[in-house]
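From first to last, the protein sequence lines are chains A and B. If you're matching positions, the first sequence starts at 100 in the numbering used here and goes up one per residue. If you're matching positions, the second sequence starts at 1282 in the numbering used here and goes up one per residue.
No lab work stands behind these hints, which were simulated from the structure alone. Hints are not guaranteed to be accurate.
Listed next, the in silico PhoX-like pairs over lysine-lysine satisfying Cα-Cα at most 25 Å (straight line) [said to hold, decoys possible]:
1. A/LYS123 to B/LYS1338
2. A/LYS167 to A/LYS123
3. A/LYS177 to A/LYS167
4. B/LYS1379 to B/LYS1389
5. B/LYS1340 to B/LYS1379
6. B/LYS1389 to B/LYS1338
7. A/LYS167 to B/LYS1379
8. B/LYS1351 to B/LYS1337
9. A/LYS177 to B/LYS1338
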Amino acid sequence: DAGVIQSPRHEVTEMGQEVTLRCKPISGHDYLFWYRQTMMRGLELLIYFNNNVPIDDSGMPEDRFSAKMPNASFSTLKIQPSEPRDSAVYFCASRRTGSGNTIYFGEGSWLTVV
Amino acid sequence: TQLLEQSPQFLSIQEGENLTVYCNSSSVFSSLQWYRQEPGEGPVLLVTVVTGGEVKKLKRLTFQFGDARKDSSLHITAAQPGDTGLYLCAGYPSGTYKYIFGTGTRLKVLA
């Protein structure tokens, strides 16, 4: 079975540009999580969805960040405009209700804003 | 506010030594999980502990969940260079579906 798929794996962009990160959760999983990882702050939960509905976005740093989940198999995290401090690895993860607490992570999207 | 604090933050030891990593919180967790993350990859689940006082063993790794379900520990016996990585505890504080991670422990085992 395919795992959580993220794209792009790596992106370098200039400050002020729009960045869109994409995620395809594991089929049948009803929870989707977006995390950001930096050396300074570790793994931070940005937002999570249940059945495509955003449940908690209190971790989204500011209005420049937005996330959507138009259907059960696709989610996006958008940063507009991007800033150098947004440079981080962004992970998408998913889980299925009833499978215990096991969460499966994608390989991450490495974002560098210059 | 960081609900899950790990210690130590960094650890560099020689092959063959033993070590313990701690994960502490003031909140009760319904369960806690431990992950290992290697450079360029996402975290990979090692174990889930559910019951207060539970002890689980995974080869040379021993995981314990505190009686009050507020803390956990990971003990590695006879560490090997292949154990090198970032170790993370994680879980859902009771009453929430917000899955949070600890601050992490970066382990380096020298040959």
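> So which hints don't hold here, by number, going up?
Replying inline: 1, 4, 5, 9
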